[in-house]
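Chains as they are written, first to last, in numbering that gives the first Met the number 0: chain C, 0 to 138; chain G, 0 to 138; chain D, 0 to 138.
If you are wondering where the hints come from, they were derived from the structure by calculation, not from laboratory data.
Treat the numbers as computed from the prediction; the structure is a model and nothing was measured.
One or more of the hints may lead you astray.
No copy labels: a pair is met if it fits in one copy or bridges any two.
[Stated by the list, open to error] Here are the simulated lysine to any residue pairs, SDA-like style, with alpha carbons at most 25 Å apart:
| # | residue 1 | residue 2 |
| --- | --- | --- |
| 1 | Lys11 | Ala30 |
| 2 | Lys11 | Trp114 |
| 3 | Lys11 | Leu111 |
| 4 | Lys11 | Ser60 |
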Amino acid sequence: MWHQTTFQLSAKPRGFHLITEEVLQHIPEIATLSIGLVTLFIQHTSASLSINENADPTVRSDLEAHFNRNAPERAPYYRHIYEGDDDMPAHIKTATLGCSLTIPITNGRLALGTWQGVYLGEHRDYGGSRTLVATIHGE
Amino acid sequence: MWHQTTFQLSAKPRGFHLITEEVLQHIPEIATLSIGLVTLFIQHTSASLSINENADPTVRSDLEAHFNRNAPERAPYYRHIYEGDDDMPAHIKTATLGCSLTIPITNGRLALGTWQGVYLGEHRDYGGSRTLVATIHGE
Amino acid sequence: MWHQTTFQLSAKPRGFHLITEEVLQHIPEIATLSIGLVTLFIQHTSASLSINENADPTVRSDLEAHFNRNAPERAPYYRHIYEGDDDMPAHIKTATLGCSLTIPITNGRLALGTWQGVYLGEHRDYGGSRTLVATIHGE
């Protein structure tokens with residue numbers, strides 16, 4: 000069984016956001032699979048997908064603080080500067096964190112660990128709504 | 000053909016570890032496939048999966064040295080601090096390195112390059128045994 | 000339908016390179032699929048695959064500038080030094096950026112966003128031609 004759907008996340012402010020439930024609303028088909036995989040792919044170069052702790056929100060704010068230092072705004076060696084101070088750092092963060100996730104499906108559910116959740120990294124100040132492609136297959 | 004198995008790695012000290020052989024012991028089913036993929040997924044937010052050199056062990060210790068500087072303990076801006084000094088750096092390292100790998104299968108074997116091996120990044124001082132989900136499909 | 004092919008990219012200088020078209024030449028089979036996935040896997044530990052902006056080439060040179068600072072040559076704590084100054088940084092960059100991509104296929108085409116392209120990160124000064132394994136499946 001193959002299923003694919005393209006959908007938009009609601010617009011979010013810059014930072015890391017727990018989106019597991021928002022994503023699941025768009026892929027009810029996973030409930031029909033005993034074994035499978037879902038691949039989530041974000042069609043942007045300034046926002047990322049990753050997996051991290053689903054409990055304490057300070058993990059998200061600390062990740063934002065870390066990556067703001069790791070990929071600072073206005074680094075003197077940037078040449079790609081005409082789309083705003085947040086643009087080149089957003090490309091670096093997306094390269095570092097990645098733009099897709101492949102998550103196993105077991106008995107109709109995502110096989111996430113107890114503490115794992117899906118994160119959107121919104122790396123622009125005003126990124127707007129972001130488009131994801133979810134591809135599901137299994138049996 | 001789909002096959003999925005969940006298994007635990009033996010507990011390992013903090014650092015990077017070559018786990019190709021330990022993983023292969025749990026997925027003998029790949030031998031039956033001429034073309035396919037295996038997706039390895041670690042169900043934790045403080046340990047990572049990556050691929051790097053399978054030969055010189057100083058690559059592993061240098062990666063540990065690099066990421067300890069890239070994601071330092073006790074950074075003054077961390078707010079997620081109550082699980083230990085090694086906890087927030089472990090979340091950052093996992094975000095940076097990733098929690099899953101998809102590796103091609105060719106003629107019954109992982110299609111790794113000559114120098115490639117699968118790495119566990121154990122980012123906690125005492126992480127204990129780690130749980131992996133391996134999903135195999137192919138023909 | 001499963002299809003797998005192993006091919007070489009032309010040798011490229013150190014830096015980030017847009018390789019979407021070069022890759023597509025090797026996987027014409029995607030045109031036959033309405034829904035599917037392609038997994039690109041690079042069989043090396045000193046070159047990476049990522050997705051980023053396909054338009055302004057200064058994104059590529061700024062990424063090179065960033066990662067050269069993030070993973071510097073001749074860091075005093077490196078012990079893996081006998082393969083050249085560019086070698087251990089190349090392993091770090093590959094760990095950070097990743098060695099595989101899974102991209103959805105929709106109606107016979109890669110479902111990349113408008114501004115997305117596939118990047119080779121060539122992290123050695125003289126890396127030579129690099130080998131990729133492309134695995135395609137879908138319906």
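Quick rundown of the hints versus the structure:
no., hint, result
1, Lys11 <-> Ala30, "neither (28 Å within a copy, 35 Å between copies)"
2, Lys11 <-> Trp114, "both (22 Å within a copy, 20 Å between copies)"
3, Lys11 <-> Leu111, "both (23 Å within a copy, 22 Å between copies)"
4, Lys11 <-> Ser60, "within (14 Å within a copy, 29 Å between copies)"
In summary, the one numbered hint that this structure violates is 1.
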